[in-house]
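*Asks:* So the protein sequences, as listed, match chains A and L. Each step along the first sequence adds one to the number in the working numbering, with nothing skipped, and position 207 is 207. Each step along the second sequence adds one to the number in the working numbering, with nothing skipped, and position 70 is 70.
One or more of the hints may lead you astray.
What the hints assert, rightly or not - With a cut-off of at most 25 Å between alpha-carbon atoms, the simulated DMTMM-like pairs for lysine to aspartate or glutamate come out as follows:
| id | chain 1 | residue 1 | chain 2 | residue 2 |
| --- | --- | --- | --- | --- |
| 1 | A | Lys9 | A | Glu110 |
| 2 | A | Lys166 | L | Glu75 |
| 3 | L | Lys32 | A | Glu175 |
| 4 | A | Lys227 | L | Asp98 |
| 5 | A | Lys107 | A | Glu91 |
| 6 | A | Lys46 | A | Glu217 |
| 7 | A | Lys124 | A | Asp173 |
| 8 | A | Lys73 | A | Glu211 |
| 9 | A | Lys46 | A | Asp20 |
| 10 | A | Lys227 | A | Asp102 |
| 11 | A | Lys226 | L | Asp5 |
| 12 | A | Lys227 | A | Glu211 |
| 13 | A | Lys29 | L | Glu75 |
| 14 | A | Lys107 | L | Glu38 |
| 15 | A | Lys128 | A | Glu175 |
| 16 | A | Lys106 | L | Glu38 |
| 17 | A | Lys56 | A | Glu91 |
| 18 | A | Lys107 | L | Glu42 |
| 19 | A | Lys128 | A | Glu110 |
| 20 | L | Lys32 | L | Asp98 |
| 21 | A | Lys46 | A | Glu215 |
| 22 | A | Lys46 | A | Asp81 |
| 23 | A | Lys107 | L | Glu56 |
| 24 | A | Lys29 | L | Glu42 |
| 25 | L | Lys88 | A | Asp157 |
| 26 | A | Lys166 | A | Glu201 |
| 27 | L | Lys32 | A | Asp173 |
| 28 | A | Lys166 | L | Glu42 |
| 29 | A | Lys46 | A | Asp102 |
| 30 | A | Lys107 | A | Asp209 |
| 31 | A | Lys9 | A | Glu91 |
| 32 | A | Lys106 | L | Glu75 |
| 33 | A | Lys29 | L | Asp98 |
| 34 | L | Lys88 | L | Asp98 |
| 35 | A | Lys9 | L | Asp98 |
| 36 | A | Lys166 | L | Glu38 |
FYI, nobody ran anything at the bench for these hints, they're computed from the structure.
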Amino acid sequence: MMIRFEGVKKTYLRHTALHDITLSLPQGKIIGIVGENGSGKSTMLKLMAGLIRPGKGTVTVDGEPVNRLISRKVAYLSELDVLYPFYTAEEIVRFFASQFDDMDIKKAHEMMQFLQLDPHKKIKHMSKGQRGRLKMVLALSRQVPLVLLDEPLSGLDPMVRDSIVKGLLSFIDLERQTVIITTHEIQEVEAMLDMVVAVREGRIVGVEDTEVIRETEGLNIVSWMKKVYGGY
Amino acid sequence: METFDATQPIYWQLAQRIRRQIVRGDLKPGEKLPSVREMAVESGVNPNTVQRTYSELERMEIVETRRGQGTFVTEQTHILEQLRDQLKEEQIRRFVRDMEEMGYSNEEMIEGLKDFLTNDGQKEMDK
């Protein structure tokens, strides 16, 4: 198993973001975490990335209990814009390489070319779509077992979303890597997901293989999500 | 990007597409299929799903995987003939089920098909 949550609870002040979550996710898959705003998707991702700690319970990634050192094994793409505006794409790739010795610069260049990004353009001069693609380059250029993508398609136009999905499929190495992706744009990604985890109000309400959902229930992922949501 | 029916297993839809391409002659006997990665990117689906499609086609002996070289359409004539028959049968089965569901008799179906192929339908198609 790539990821294990055991009895994980996370509270922010008086708001409980996650209630007693127990979950195992296998390796070598592309797994989607879906749910409404505020359902706890991003909190789960941050727990896997070691950016926050559970109030109760344990999270393990690739057999290791998660702490701040887990960043050696995890590439995390934040939902927010966190790139330094005065850097060029090339400079931020070099900066990442100085921070993470697993950064594959050759792959980063190949991806930039594939996604039609100009390495010499400054981040502050990039469109939102270009920044979205650059974040993808940074996440996928690291040779790590776990890649976490928080809303990578959010707020981007359909052409950019399409190129990001293709970039992911072209450059991910599922023999060695696992991808966890949170998203609202279920229809854009459902064909590339192996598995989905539905989260509602801090609880897991469904975990299933996407092909099983289609084969045994004859449902698309949105309908399946409505069904498991309705069961509560 | 190709689109899939999101309520049917994708590995199966992809397998059906490849079977049709072979029968139509778009994929020739002995021709190499795109690599798993190429096919995944081209159709926007998960590489694991493409792998499952290729394994399924291999189990049906429609393709063969040569170690280190890739996946190829079979050159065995009897398998290709069998595939042609299978697709025909599957298509007819769907047609017949639909017609039965609407209450047409076997005779009406046969008559209808004959008429279609000899008269109006043929003209329709020639247009």
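*Asks:* Now tell me, hint by hint, if it's right for this structure.
*Replies:* Now for the hints, and whether the structure bears them out:
1. Lys9(A) <-> Glu110(A): violated, 40 Å
2. Lys166(A) <-> Glu75(L): Violated, at roughly 32 Å.
3. Lys32(L) <-> Glu175(A): Within the cut-off at roughly 23 Å; holds.
4. Lys227(A) <-> Asp98(L): Violated: lysine 227(A) and aspartate 98(L) sit about 29 Å apart, past 25 Å.
5. Lys107(A) <-> Glu91(A): holds, 15 Å
6. Lys46(A) <-> Glu217(A): Measuring from Cα to Cα gives roughly 32 Å; hence the hint is violated.
7. Lys124(A) <-> Asp173(A): violated, 31 Å
8. Lys73(A) <-> Glu211(A): violated, 28 Å
9. Lys46(A) <-> Asp20(A): Holds, at roughly 16 Å.
10. Lys227(A) <-> Asp102(A): violated, 41 Å
11. Lys226(A) <-> Asp5(L): It holds: about 18 Å lies between the C-alpha atoms, which stays within 25 Å.
12. Lys227(A) <-> Glu211(A): Between lysine 227(A) and glutamate 211(A) the Cα gap is close to 16 Å, so the pair holds against 25 Å.
13. Lys29(A) <-> Glu75(L): Given that 25 Å is the threshold and the Cα spacing comes to 34 Å, the pair is violated.
14. Lys107(A) <-> Glu38(L): With a Cα-Cα distance of about 17 Å, the restraint between lysine 107(A) and glutamate 38(L) holds, given a limit of 25 Å.
15. Lys128(A) <-> Glu175(A): violated, 31 Å
16. Lys106(A) <-> Glu38(L): Roughly 20 Å between the alpha carbons, so the hint for lysine 106(A) and glutamate 38(L) holds.
17. Lys56(A) <-> Glu91(A): violated, 40 Å
18. Lys107(A) <-> Glu42(L): holds, 20 Å
19. Lys128(A) <-> Glu110(A): holds, 21 Å
20. Lys32(L) <-> Asp98(L): Answer violated: lysine 32(L) to aspartate 98(L) is near 36 Å, above 25 Å.
21. Lys46(A) <-> Glu215(A): violated, 32 Å
22. Lys46(A) <-> Asp81(A): This hinted pair holds, its Cα atoms lying about 16 Å apart.
23. Lys107(A) <-> Glu56(L): It is violated: about 32 Å lies between the C-alpha atoms, which goes past 25 Å.
24. Lys29(A) <-> Glu42(L): Status holds; Cα separation ~19 Å.
25. Lys88(L) <-> Asp157(A): violated, 42 Å
26. Lys166(A) <-> Glu201(A): Roughly 32 Å between the alpha carbons, so the hint for lysine 166(A) and glutamate 201(A) is violated.
27. Lys32(L) <-> Asp173(A): With Cα atoms ~22 Å apart, lysine 32(L) and aspartate 173(A) stay inside 25 Å; holds.
28. Lys166(A) <-> Glu42(L): holds, 8 Å
29. Lys46(A) <-> Asp102(A): holds, 21 Å
30. Lys107(A) <-> Asp209(A): Violated - the C-alpha atoms of aspartate 209(A) and lysine 107(A) are around 30 Å apart, more than 25 Å.
31. Lys9(A) <-> Glu91(A): Violated, at roughly 39 Å.
32. Lys106(A) <-> Glu75(L): Distance ~40 Å between lysine 106(A) and glutamate 75(L) Cα, so the pair is violated.
33. Lys29(A) <-> Asp98(L): violated, 38 Å
34. Lys88(L) <-> Asp98(L): Within the cut-off at roughly 16 Å; holds.
35. Lys9(A) <-> Asp98(L): violated, 53 Å
36. Lys166(A) <-> Glu38(L): Answer holds: lysine 166(A) to glutamate 38(L) is near 10 Å, not above 25 Å.
Hints 1, 2, 4, 6, 7, 8, 10, 13, 15, 17, 20, 21, 23, 25, 26, 30, 31, 32, 33, 35, counting from the list given before, are not met by this structure.
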